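Chemist: Listed below, chain by chain, are the residues.
2 protein chains.
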Amino acid sequence: MNKIAPSELILNPDGSIYHLNLKPEHIADTIIFVGDQNRVPKISKHFDTIEFDVQKREFRTITGWYKQQRFTVISTGIGPDNIDIVINELDALANIDLENRTIKTTHRQLNIVRIGTSGSLQSDIPVDSFVMGKYGLGLDGLLHSYVAEHIFEKEMEDAFIKHTHWSAKKARPYIVRGSEILEKKLSGDEVFKGFTATAPGFYGPQGRVLRLPIQDVNLNHKMDNFTFNGVRISNLEMETSAIYGLSRLLGHQAISMNAIIAN
Amino acid sequence: MNKIAPSELILNPDGSIYHLNLKPEHIADTIIFVGDQNRVPKISKHFDTIEFDVQKREFRTITGWYKQQRFTVISTGIGPDNIDIVINELDALANIDLENRTIKTTHRQLNIVRIGTSGSLQSDIPVDSFVMGKYGLGLDGLLHSYVAEHIFEKEMEDAFIKHTHWSAKKARPYIVRGSEILEKKLSGDEVFKGFTATAPGFYGPQGRVLRLPIQDVNLNHKMDNFTFNGVRISNLEMETSAIYGLSRLLGHQAISMNAIIAN
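From first to last, the protein sequence lines are chains Z and F.
Mapping the first sequence onto the working numbering, position 58 (from 1) lands on 58, and the numbers just tick up by one.
Mapping the second sequence onto the working numbering, position 173 (from 1) lands on 173, and the numbers just tick up by one.
Chain Z on its own, in the form it takes in the complex (with noise of 0.2 Å):
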């Protein structure tokens, strides 16, 4: 079996993977993914007992168990650059043998709930409710430098590209379906479904103006009026859909739920 370079899959001295800093015995089949560093002890905290706990750069993971099961909750930091490389490091703990270097005969699954928040584009999704994406519309185009087209709803991308008259020089969207498995186990009566958009960048990016302008001023609210067979986009935020994008890839379960901060 062909041994994947040092060059791709970088190593610490410890044998831990590069940026994470985890051994494939840190992480459980279940985990937790929140944006900030801060918030994984607030999230363990809720756990009968801990494990493990490192962190390096932005990226903090606490190991442990609640009620029999076992959890990993791991930061990401911020937007799809940083989950292109959590989703791939996590993937070879799980799916790649790191001290022969080659890809594992059997694939191990694991199941991913990001717990974010972000701001809802529609006026009667309430702040402090859930929003759970039952797609994510990626805008910020890291999937197209995978080969990637078999997971994407092309068709709903096109009717997005025409109704936001979407500019040519910025990557095409994409769409990924999120895990129905995981949809279908955390829904309820207090979680509002749609599309989740994911932009790359917080202030342009989101439409936001401050002393640049921005190349479509009317970008956010074309997304409001956008539905496809009744779906809505509920709210954009900046990691779902390289989430959905790389677990589908890997094979891997992911469902994203926003708690919404302001409308």
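Any given hint might turn out to be false.
Which copy? The list can't say, so a pair holds if one copy fits it or any two copies do.
Mimicking DSSO-like on lysine-lysine, the simulated pairs with C-alpha atoms at most 27 Å apart in a straight line are [unchecked claim]:
1) K193 to K23
2) K3 to K222
3) K185 to K67
Derived by calculation from the structure, the hints in this document are not laboratory data.
All values reported here derive from a predicted model rather than from experimental measurement.
Please build the complex by placing chain F on the supplied structure of chain Z, with the hints as guidance.
Modeler: Same frame as chain Z, now just chain F:
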């Protein structure tokens, strides 16, 4: 004068700016960017006195004095989306009256020096040398969310697109000149100059293959071979193009220096 709305310019309850947690008086005119929050005190330990030290999420800021000059060191985290946050918020601290939410009538110019690490694309640039980005080559698309055509080097961009057969699904590559003033100040014998290419991710976007096939397996090789008026692509990292683009749009001086840790 038009007031900037609270949804665009978000302040914390103490009046500091949203992500960076800074007030205008906390930043020097000369600002050093690093990626890793743990690298901030490694730089500021050389300061003669420290004035201010704060951290929120991955953004740690220390301001102090070194040989009668005031410096701010700040960690940006990873990627162009974080740079969107850091540069827009630093500029707001310098050039927006936060209390009145109006743009100041006099412009305060910042000098930004990024000190990063990266791999080199050229085998004759030795490990431990520095590369300076004469131009930032953005593969990340961030700048297309802004009105930015007037700062782009269109002829170079077209040559790069043609040379690489750049996928139209990805964002159009953009090229922005770094600061000529800072380039002159920081040049030296150990400093190689070139295009610093900025990718919106670490694995697929930089041509690394773990378990996922990538869209263009030859992209790094094509980047190695690209030259324009004798300038080569010296290195590949995740921040420079966004720093150059936003700094130029906002009227700041910025240069990026990368220590080569692999080639």
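Chemist: Does each hint fit the structure? Answer for all of them.
Modeler: To see whether the hints hold, each was checked on the structure:
{"no.": "1", "hint": "K193 to K23", "in the structure": "neither (35 Å within a copy, 38 Å between copies)"}
{"no.": "2", "hint": "K3 to K222", "in the structure": "between (48 Å within a copy, 24 Å between copies)"}
{"no.": "3", "hint": "K185 to K67", "in the structure": "within (17 Å within a copy, 60 Å between copies)"}
Hint check: a violation occurs at hint 1 only; the rest are consistent with the structure.
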